[in-house]
Amino acid sequence: MASLKQLSSKKELLTGGHRLCAGCGASIIVRQVLLAADTPVVIAASTGCLEVATTIFPYTAWRCSFIHCAFENAASTLSGVETAYRALKKKGETDQDMRFIAFSGDGGTYDIGIQALSGACERGHRMLYVCYDNQAYMNTGIQRSSATPLGAATTTSPAGKVLPGKTQNRKDLTEIIAAHHIPYVAQASPSRWNDLVSKAQRALQAEGPSFMNVLSPCPRGWRHPPNESIKIAQLAVDTCIWPLYEVAEDKWRLTYRPKQKPPVEEWLKTQGRFAHLFKGNNQQVIEQLQAEVDRRWEELLEKTS
Amino acid sequence: MGNLISMEGNQAAAEAMRQINPDAMAAYPITPQTEVVQTFAQFVADGRVDTEFVTVESEHSAMSACVAAAASGTRVMTATSANGMALMWEILYIAASTRLPIVMALVNRALSANINIHCDHSDSMGARDTGWIQLFCENGQEAYDSLIQAVRIAEHPQVRLPVMVCYDGFIISHAVECLELLKDNEVQKFIGEFKSVNSLLDISHPYTFGPLDLYDFYFEHKRQQIEAYGPAKQTVIEVGKQFGSLSGREYGLFEAYHLQDARLAIVLMGSAAGTAKEAVDRLRANGLPIGVLKLRAFRPFPSEELTQLLSRFEAVAVLDRAVSFGAAAGPLFTEISSALFASNHRPLLLNYIYGLGGRDIDIEDIQEVGKKLQKTAESGKVEQPFDYIGVRK
Amino acid sequence: MKITPETGWKELPQGGVIPEAGNAEQYITGSWRTFRPIRDEEKCTNCLLCWIHCPDSSIIVEDAKVVGIDYDHCKGCGICAEICPPKIKAITMVAEKRD
Chain A
0 MASLKQLSSK KELLTGGHRL CAGCGASIIV RQVLLAADTP VVIAASTGCL
50 EVATTIFPYT AWRCSFIHCA FENAASTLSG VETAYRALKK KGETDQDMRF
100 IAFSGDGGTY DIGIQALSGA CERGHRMLYV CYDNQAYMNT GIQRSSATPL
150 GAATTTSPAG KVLPGKTQNR KDLTEIIAAH HIPYVAQASP SRWNDLVSKA
200 QRALQAEGPS FMNVLSPCPR GWRHPPNESI KIAQLAVDTC IWPLYEVAED
250 KWRLTYRPKQ KPPVEEWLKT QGRFAHLFKG NNQQVIEQLQ AEVDRRWEEL
300 LEKTS
Chain B
0 MGNLISMEGN QAAAEAMRQI NPDAMAAYPI TPQTEVVQTF AQFVADGRVD
50 TEFVTVESEH SAMSACVAAA ASGTRVMTAT SANGMALMWE ILYIAASTRL
100 PIVMALVNRA LSANINIHCD HSDSMGARDT GWIQLFCENG QEAYDSLIQA
150 VRIAEHPQVR LPVMVCYDGF IISHAVECLE LLKDNEVQKF IGEFKSVNSL
200 LDISHPYTFG PLDLYDFYFE HKRQQIEAYG PAKQTVIEVG KQFGSLSGRE
250 YGLFEAYHLQ DARLAIVLMG SAAGTAKEAV DRLRANGLPI GVLKLRAFRP
300 FPSEELTQLL SRFEAVAVLD RAVSFGAAAG PLFTEISSAL FASNHRPLLL
350 NYIYGLGGRD IDIEDIQEVG KKLQKTAESG KVEQPFDYIG VRK
Chain C
0 MKITPETGWK ELPQGGVIPE AGNAEQYITG SWRTFRPIRD EEKCTNCLLC
50 WIHCPDSSII VEDAKVVGID YDHCKGCGIC AEICPPKIKA ITMVAEKRD
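Residue numbers (numbering that gives the first Met the number 0), protein chains in the order written: chain A, 0 to 304; chain B, 0 to 392; chain C, 0 to 98.
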C-alpha cells in the first residue's frame, strides 16, 4: 500500500473548478480511486451530480478521456470503450496498457442502470465500475432510490403525518454484484482512504469486471454541515450501516472491524433527513433499522468468517 | 458480373457486414432481424471476421456500446427492428449529435401494441428526427449494397453521422433472392481504412464527450449539426455513383421509374416499390401515363430535388407504410406535400396508408391507385385526399 | 482553441466535445466560500489527511509537503479543518469578509 506521501506525487486527473457542492463525497471518492491507477484511464460516467458538475460546456474537470452518454448506461458505454480497446489491440494499433473506470451514482447503478451493469459484469469486460452511493437521486433534488435507507426523508419519501420517511429497507447492491461471481467486488468509504485506495488497486488489477460500492456523503441531501462529510461516512462504517469488505475471487473478507459498534441512532442523529425519527411515535423505525443493520451485519460476519 | 448467389435478405445483410469486417459490433436479437445477429455470430465463431462482437443484454446497451466504441476510434455496426430500436431511442439521438459514424441495419417491423412481428415503417418513421441518415431498400440486393455504401457515407469527414439501412421485415429479410455479391477485397477497397476522429483512446489528446450543454452553447451545437445534412445528401449521391462504377448498380437519393414521360406518379419506399413498378407496367400497357418514384433517402430528405421532379405532374399519390397518429396524413406524405408547397406548380396529391403490421399490398391494389390518380387528374380536383389500402371496413 | 461565450457554431468542435482537458481549472469556485481555511504552517505535520479528503483538489502539495491552499477553487467546506488530527488542529475556518 502506497503512503499518502507517495500518492501525493501522482498527477491528479480531476481538477478543482468543478461545480459539485462544498463537502461533496463524490469528488473525494473519484480522487482516491484515480490515485490507485498506474496506467492511463478512460472514464465513463452516467448522468448525475458528478457528470453534470464536472463537465459544463466548455469546461471539463477531467484531465483524462471522459465520456458521458446517458443515465442508465455507464456500464454499457464503458463496455463499448473496452471493446474498442480490445479491437485496436488485436489489430496492433495500440499497445498502451489502459484501464477503464465508470463512476455512477446510486440512481444510475442500483435502479435505472442495474440491467446494463449486470450485463457488463456477465460479459466479463475488464473494467472497474464505481458506484458513489449518496443514497438518493441528489442531482434532481433528493428523491428516494432503492439505496435510500429505511426512515430517511427525501422529496419523494417525505416524512408526513402518517408516513415516517422511506418505508422500505435499502437494496444490498454489493451482494447482488457479488452474485455475478466477477473477480473483485468491494464496499468502501472515503473516510478510510487507505482501504479505499487499496481496493481500487486490487480492482484495477483484476483480470475482468470489478465493482466498488462507495458511500458518498451528501451535505445537501443528508442535511448535515459540509465539514462533517468524512466524519459521518466513518460513523456509517462504525455503526455497521456501511460495513467495509471485499469479495475477491469469491472469497469474502471483512477489511475493517469497528472496535465498538455504536447504535445506528448515533449516525441518524448527525443528519437532518432522519430528524423526524426522534419525534412522535417514530422510535420504532429506528428499532427496525437497527434490527435490519444487525441482521445484515451478522450475515456478513458469517460470510467473511 | 460479380458472384451470383441466392440468399435471404438477412443473410445478404450479414454477408455485407462480414465483408465490411467492422472493429466492433454490439447487437441484440429481435425478430425479424435475428438472423443477421446469428449469422454474424457464426462468422465470429468461425474466425471469418476480426470483429469484437458484444452480445449485450438489450438494444439500449447495444446502441450505448456502439456510441462508446465509435467514440473510441473504431468502425462500428449493429442491427435491430421495431421495439428494439424503440428501446435505443434515447441513444439514437446521442449517436447522431455526437457525430458518430455508426451503421445499423434496421429490419422494418411494426411497433407494439398489439405486438406484431411483421413489416411496416413505423419504427423508421418514429426515428426520423433523431439525426440518423435513413436509406430505404426495395430488396435484398439493395440492402446489401446500401450497407456497404453506408460505411462510406457515415464516415465521410463532412458528414460524420450514423446511417440506418432500412429494409422490410420478412418481405425482404426472409425472402430468398438471387443476389450479386462483391468480392471481399472489392468491399474493403471501396470502404477504405477507418479514420479515427477525437478518439477516447488517444491518450495524448484527452477529450470530454457528452458534457452538460446549457442555453449558452446547445443551440450552436444543434445549428452546427443541421449543417451536416447538406453534405450528407451530396455524399449519398457521390457514393451511390462510385458504387455504380464498381458494381454496375448505381444509387442516388431516389429512383425514378418511367417518370420521364409520365403525368401521374406514385411515391413510396421499401419493398412495395417493386409491386408498384409491376402495377405501373400494367397500367402503362393500358395507356396510362404513370411512373413510380421510389424514395431511397428519407433522411436527409431531398426536398429540392423532389420539388423539381414532381411539380410538373398532374397528380401524385403518396403511399405511407406508417401512421403519424393525430396528424392530417402519413409521414411521407407530409414531407412531400411540404416540399411541393415551395413550388408554384403543384400536382394534386393523394395519400394512402397501406401495409400496417405486414398486411399485403398487391399489384391490383396499386393499379387501383393509378386509376384514382387518373380520375383525379381528369376532374382537376381531389375528392378524397386521404384513404387506406387493404383495411377492412 | 479557446471557446468563449462569443464562439459561433462554425468554430465549435464537432460533436459537442470539449477538447481542452482539465480546463475547469479556469473556472473560479473560490467565490462560493463563506469560510476560509487558514493553515498554521508551524503546527502542520504534513500528514496529508486534508489533501486526500479534499473534494476540490485544493490542498497544494509539493514534495509530500503542504505548500498552500488553492483559494481559487476551495469552496470552504471545512473538511480539511475537521479531518486535521485533534492534537494538531493546524487549520482553522475563518469567516470570509466581503468588500
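Misleading hints may appear alongside valid ones.
Cross-link-like lysine-lysine pairs, in silico, DSSO-like; alpha carbons within 30 Å at most [said to hold, decoys possible]: (1) B:Lys221 <-> A:Lys88; (2) A:Lys268 <-> C:Lys86; (3) A:Lys89 <-> B:Lys370; (4) C:Lys9 <-> B:Lys221; (5) B:Lys194 <-> C:Lys86; (6) A:Lys10 <-> C:Lys96; (7) B:Lys188 <-> A:Lys88; (8) C:Lys1 <-> A:Lys268; (9) A:Lys260 <-> C:Lys96; (10) A:Lys10 <-> C:Lys9; (11) C:Lys1 <-> C:Lys42; (12) A:Lys4 <-> C:Lys64.
Just some of the chain C residues that point at chain B, by a computed CB distance under 10 Å [said to hold, decoys possible]: (13) Met0; (14) Glu24; (15) Gly29; (16) Pro84; (17) Pro85.
Here are a few chain C residues that face chain A, going by a calculated C-beta distance under 8 Å [said to hold, decoys possible]: (18) Ser30; (19) Ile51; (20) Cys76; (21) Glu81; (22) Thr91; (23) Ala94.
For the record, the hints were derived by calculation from the structure and aren't laboratory data.
All C-beta atoms, glycine included, are put in the ideal place defined by N, C-alpha and C.
Legend entry - Residue hint Pro85 (chain C), partner chain B, criterion CB-CB below 10 Å: violated (40 Å)
Legend entry - Cut-off 8 Å, beta-carbon criterion: hint that Thr91 (chain C) touches chain A: Status violated, d = 12 Å.
Legend entry - 30 Å limit on alpha-carbon distance, applied to hinted pair Lys1 (chain C) and Lys42 (chain C): Cα-Cα ~42 Å, so violated.
Inset, instruction - Have a go at the Met0 (chain C) hint: is there a Cβ in chain B nearer than 10 Å to its own Cβ? - result: violated (13 Å)
Legend entry - chain B contact restraint for Pro84 (chain C) - C-beta distance below 10 Å: Given a least distance of 37 Å, the restraint on Pro84 (chain C) is violated.
Legend entry - Satisfaction of hint between Lys9 (chain C) and Lys10 (chain A), Cα-Cα up to 30 Å: violated (34 Å)
Legend entry - Pair hint Lys10 (chain A) and Lys96 (chain C), alpha-carbon separation not exceeding 30 Å: Violated - the C-alpha atoms of Lys96 (chain C) and Lys10 (chain A) are around 33 Å apart, more than 30 Å.
Inset, instruction - Below or equal to 30 Å on CA atoms is what counts here, so check Lys268 (chain A) against Lys86 (chain C). - result: holds (26 Å)
Legend entry - Interface restraint verdict for Ala94 (chain C) against chain A (beta-carbon cut-off 8 Å): violated (14 Å)
Inset, instruction - Would you check the hint for Lys89 (chain A) and Lys370 (chain B), treating anything up to 30 Å between C-alpha atoms as holding? - result: Roughly 60 Å between the alpha carbons, so the hint for Lys89 (chain A) and Lys370 (chain B) is violated.
Inset, instruction - Decide if the proposed pair is consistent with the structure: Lys4 (chain A) and Lys64 (chain C), CA atoms, cutoff 30 Å inclusive. - result: Distance ~8 Å between Lys4 (chain A) and Lys64 (chain C) Cα, so the pair holds.
Legend entry - Gly29 (chain C) as an interface hint toward chain B, with CB separation required under 10 Å: violated (21 Å)
Against the hints set out earlier in the document, violations occur for numbers 1, 3, 5, 6, 8, 9, 10, 11, 13, 14, 15, 16, 17, 18, 22 and 23.
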